[in-house]
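**Student:** Residue numbers for the sequence shown follow my numbering, so the first one is 1 and each next one is one higher.
It should be emphasised that the hints constitute simulated quantities derived from the structure, not laboratory data. Mixed in with the good hints there might be a few duds.
As the list claims (entries may be wrong) - Simulated restraints on C-beta separations:
id: 1; residue 1: 62; residue 2: 20; range: 36 to 42 angstroms
id: 2; residue 1: 97; residue 2: 66; range: 35 to 41 angstroms
id: 3; residue 1: 15; residue 2: 104; range: 38 to 44 angstroms
None of these values were measured; they are calculated from a predicted model. Just so you know, even glycine gets a beta-carbon here, dropped at the ideal spot from N, CA and C.
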Amino acid sequence: MLCAASSYEQKYYFNGSFSQIPGDVKDQLHIICVLFTEDIGGIIMFVFDKEGHLQIRTQALDSDYNYDEIGAALEVKEIQRQRRDMLNGLELYYRAVFLHESLDLEPWQLE
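With the hints as extra help, turn the sequences into a complete structure.
**Tutor:** See the structure below:
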């Protein structure tokens with residue numbers, strides 16, 4: 001898990017294993033998570049799968065009748081659209097640092 005936020009506990013968590021990520025990226029993740037939980041409710045998590053793909057997962061307590069499941073799905077798609085470059089960069093970072101993949105990047109991918 002990279003990071004998560006909960007509207008129930010009003011807390012944000014950032015995994016210390018990713019401390020080398022630039023501060024502005026950490027700040028953006030923090031803002032995204034907090035705004036999501038304020039607007040939609042529930043819990044949002046940024047999680048890497050076994051192949052190194054970054055997934056945005058959301059969930060809510062069964063008793064949370066204020067959680068907007070449709071709004072959550074739409075908001076996740078909007079985050080993925082607006083922050084595509086940042087999310088792709090995080091995936092490359094994870095694959096290189098944690099999965100120890102040799103990344104053959106073309107010069108245009110580094111811009």
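**Student:** Would you mind marking each hint as holding or not holding in the structure?
**Tutor:** Okay, the hints, checked on the actual structure:
1. 62 / 20: 36 to 42 angstroms: Holds - the Cβ-Cβ distance for residue 62 and residue 20, about 38 angstroms, lies within 36 to 42 angstroms.
2. 97 / 66: 35 to 41 angstroms: Between residue 97 and residue 66, where Cβ atoms are some 38 angstroms apart, the hint holds.
3. 15 / 104: 38 to 44 angstroms: violated (27 angstroms)
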